[in-house]
Amino acid sequence: MSLEARLQTASAEYQKLQSDLAHSVDARTRLDTQLSENEMVKKEFAQLTPSNTVYKLVGPVLVHQDQAEAKTNVETRLEFIRGEIKRVDGQIKETEAKSDKKKDELVEIQAALQQAQSQTSG
Amino acid sequence: MASPQPQQINVADLDIQQLADVRRQLEEELNHLTNSFAQLKQAQAKFKSCIENVAEVKPQNKGNTILVPLTNSLYVPGRLTDPEHVIVDVGTGYYVKKSRAQAIKYYEAKVDYIRTNLDSLQETISKKQDNMNYLVNVMQAKLQAQSQIAKT
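Order-wise, the sequence lines are chains W and Y.
Per my numbering, the first sequence starts with residue -2, numbered consecutively.
Per my numbering, the second sequence starts with residue 3, numbered consecutively.
Please note that a few of the clues may not be correct.
Unchecked claim - Selected chain Y positions facing chain W (Cβ under 7 Å, derived; list incomplete): (1) 92; (2) 94; (3) 95; (4) 96; (5) 97; (6) 98; (7) 99; (8) 100; (9) 103.
Hints listed in this document are in silico derivations from the structure and should not be mistaken for laboratory results.
Glycine is no exception: its CB is placed at the ideal position from the N, C-alpha and C atoms.
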């Protein structure tokens, strides 16, 4: 394969990796917001007295829910979100490593290309 | 923050083009921060008006007729039967029935929480503004020096 073609495919791959990375970072920020919101709810639930009835919004109606049930619900949600954050963090690291490698490859190809050009002209 | 200390290198070493770039970046950050500040202020005002509204649901008003909005323009008459309890949205789709005192405490805590956020945001904003002022000063000095060189 010619150097130009290699450069083109490599830069396309690099761009794809960059957009993947942006996607993952986006997802990570969203998860962070969800985590803090759920933690706020958990803190609120911790202060409830038995007289406080808990309702859950299901579509347009408020459905009565046990305090204990609501608490475990939020707890599982928090666990799920933490798991997702770990997964996305791993993804980000992986993509970063991959894109770093691609960058090195790109620099290498470019250097080779320049050398080839100076040889043909010189 | 992307760059709380953007000047690792001395600003005086940069040329005018680079200074303008840094300035644009700082302007963007400042814009974003002041927007967040305004949003937080709005949220705080909302919680404050909630406190006032809860204060209106008092025992003296029990049995009074009120108008309940069904849509923006359609109201039906209703009667206040339980002035002791209100239902509070605590986030993520959960609502909790609270006594009035509890509800007011909840909203006060919210307002306070936002205030601490606002304070720290204010600090960041003024720091950025200081950076910006310094940068503009350096830029002006550079421009002056340049025009002087052009004259001689």
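(request) Check each numbered hint from earlier against the structure, then list the numbers of those it violates in ascending order. (result) 9
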